[in-house]
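Number of protein chains: 2
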Amino acid sequence: MKDDVRWKVGEVARIARVTIRTLHHYDEIGLLRPSHRAKGEYRLYGRADLERLQQIRLYRDLGLPLEEIRAVLDDPDFDRVDALRRHRARLEEKRDETDRLIKTLDRMMQGDETMTAEDLFDGFDQEAMEREAGERWGDSPAWKTSQQRKQRYSKELTGAIQAEHEQLLRDFADCMAAGHGPDSAEARALAERARLHIDRWWYPLSKEAHVQLAQLYVCDPRFEKTYETVAEGLARYVVDAVTANAAA
Amino acid sequence: MKDDVRWKVGEVARIARVTIRTLHHYDEIGLLRPSHRAKGEYRLYGRADLERLQQIRLYRDLGLPLEEIRAVLDDPDFDRVDALRRHRARLEEKRDETDRLIKTLDRMMQGDETMTAEDLFDGFDQEAMEREAGERWGDSPAWKTSQQRKQRYSKELTGAIQAEHEQLLRDFADCMAAGHGPDSAEARALAERARLHIDRWWYPLSKEAHVQLAQLYVCDPRFEKTYETVAEGLARYVVDAVTANAAA
DNA sequence: CTGCGCCCTCACGCGACGTGAGGGTCAAGC
DNA sequence: GCTTGACCCTCACGTCGCGTGAGGGCGCAG
Chain Y
219 MKDDVRWKVG EVARIARVTI RTLHHYDEIG LLRPSHRAKG EYRLYGRADL
269 ERLQQIRLYR DLGLPLEEIR AVLDDPDFDR VDALRRHRAR LEEKRDETDR
319 LIKTLDRMMQ GDETMTAEDL FDGFDQEAME REAGERWGDS PAWKTSQQRK
369 QRYSKELTGA IQAEHEQLLR DFADCMAAGH GPDSAEARAL AERARLHIDR
419 WWYPLSKEAH VQLAQLYVCD PRFEKTYETV AEGLARYVVD AVTANAAA
Chain X
219 MKDDVRWKVG EVARIARVTI RTLHHYDEIG LLRPSHRAKG EYRLYGRADL
269 ERLQQIRLYR DLGLPLEEIR AVLDDPDFDR VDALRRHRAR LEEKRDETDR
319 LIKTLDRMMQ GDETMTAEDL FDGFDQEAME REAGERWGDS PAWKTSQQRK
369 QRYSKELTGA IQAEHEQLLR DFADCMAAGH GPDSAEARAL AERARLHIDR
419 WWYPLSKEAH VQLAQLYVCD PRFEKTYETV AEGLARYVVD AVTANAAA
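Just so you know, the protein sequences line up as chains Y and X, in that order.
For the first sequence, this note's numbering assigns the number 219 to the initial residue and increments by one for each residue that follows.
For the second sequence, this note's numbering assigns the number 219 to the initial residue and increments by one for each residue that follows.
These are computed hints drawn from the structure, not numbers from a lab.
Fair warning: there could be bad hints in the mix.
Put simply, identical chains are the same to the list, so a pair is met inside one copy or across any two.
What the hints assert, rightly or not - Quick list of in silico lysine to aspartate or glutamate cross-link-like pairs, EDC-like style, CA-CA up to 16 Å: (1) K321 x D340; (2) K312 x D300; (3) K257 x D295; (4) K321 x D401; (5) K321 x D337; (6) K226 x D295; (7) K226 x D245; (8) K226 x E259; (9) K226 x D458; (10) K321 x D295; (11) K312 x E336; (12) K321 x D343; (13) K257 x D389; (14) K312 x D458; (15) K226 x E336; (16) K321 x E336; (17) K312 x D401; (18) K321 x E246.
Let the sequences and hints guide you as you build the complete structure.
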């Protein structure tokens, strides 16, 4: 396909299964600017525009706000192939969640009386993607607890807690580098250490909640960046270890 | 589990993975009213409330607006098991879509240069669920065309078109009752007849667009009702026939 | 009684578009 | 050139579904 093919807004809307208004909006906010304009100010999109739109849709489907999507895509460090790889991983998780949800519905249809309240919602994901633990959980008991505890800690203790957390990350990286799988006893022990760390210093954290928290690491690219700076693939590794620990 | 267990709003939020604010909102709009109130006006939810919330989440995840969800759930004809069955079918479709999207990403990551613009978005679903063909497509060329054509038809002709459409539905039902699978030549021929019917009398309709239109039948319970009135399972059957026809 | 976790109502505000008004552009046909 | 139909533009009000914070009450343990 030739690189100089251009599509008008209606064609793009149809191809990408979005509305024309959406494309107008994305242009307005600078998220997706058409690379060309025809006479009469018609928007004309090129191949690269479509590929950017694909990335936008992927992130948006994950629940990221548009402004954040823009920040991510405009980041000089943005690696398109890496992003696709991470999206792929997340899609596989969503597929697994769908499987679980199907099983939940099957049990409902069979009139399974043993289902607990939690069973009713097995397979449903957390409502909106948690963007920043602090920012997003601002009104949650967990955050309030952690803030209140934090206020009681001296600077020295806070520093020690931070150091302990960083040590945990390095231990995870070492464990990964040593070739232990995320579901190995070693990795799971580290995941449990991580959970207890949070539980002790910040707020009560069940294994289940730990899984949900850990999933931040692959949902929000900037959040994940913290982990990937320590070691490549660490975020994914930690999530898997935490998940394995919760399943044990 | 005992039927008299009650949950406070925070517990429900955690179990169902929604926010407390969401539950407040649903109470306000009459979508999900807690069955009890404690002293101090604390909301207390029972088991039936949780099951209704499950249904709400299922429909909401499909993209139905809340007001419509309420209309559906409050409909005297609402059949919970039937709804679960339809949800299950839709979830399987979503899983298949996810598979296709994963394949799309795989091709991207391999640097497949033969991908067309349409290939880039294979597996992405239509943005928002089409609610009513007329209502939802109000600003689309297809609807405008159909409205303009309609204005040119006499009452008699409109009646004849309507009769032709109803005959089509009956033919579909007969075909299904005769045991022909939705991908049989018979069913596919009917799907093509349906497409041409719309194409001739209302607006141009490609096979692909026909698939998307047909998916309305399983997404919107009230829309689907029209088909199910003719024969049980007809909506699903027609969607499958249309899909098979488009794939041929 | 105090402190902490959780709950209430009230209400402003936001993100992501939906919708319609009013008008222009493009291409085919007469 | 004119007409028609499909498609495009900008502008802007409005909607939906909550997010967020203010200000205050409730339940329980110490």
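Results of checking the hints against the structure:
1. K321 x D340: within (9 Å within a copy, 27 Å between copies)
2. K312 x D300: neither (19 Å within a copy, 24 Å between copies)
3. K257 x D295: neither (35 Å within a copy, 55 Å between copies)
4. K321 x D401: neither (24 Å within a copy, 27 Å between copies)
5. K321 x D337: Result: close within a single copy only, 10 Å intra versus 31 Å inter.
6. K226 x D295: neither (30 Å within a copy, 45 Å between copies)
7. K226 x D245: Answer is within: at 13 Å inside a copy they meet the 16 Å cutoff, but 44 Å across does not.
8. K226 x E259: within (11 Å within a copy, 55 Å between copies)
9. K226 x D458: neither (43 Å within a copy, 32 Å between copies)
10. K321 x D295: Neither, since 40 Å and 25 Å both go past 16 Å.
11. K312 x E336: Neither: 19 Å inside a copy, 23 Å across copies.
12. K321 x D343: within (14 Å within a copy, 23 Å between copies)
13. K257 x D389: neither (60 Å within a copy, 50 Å between copies)
14. K312 x D458: within (15 Å within a copy, 24 Å between copies)
15. K226 x E336: between (48 Å within a copy, 14 Å between copies)
16. K321 x E336: For K321 and E336, the Cα distance is within 16 Å only inside one copy (14 Å; across copies 33 Å).
17. K312 x D401: neither (20 Å within a copy, 29 Å between copies)
18. K321 x E246: neither (43 Å within a copy, 32 Å between copies)
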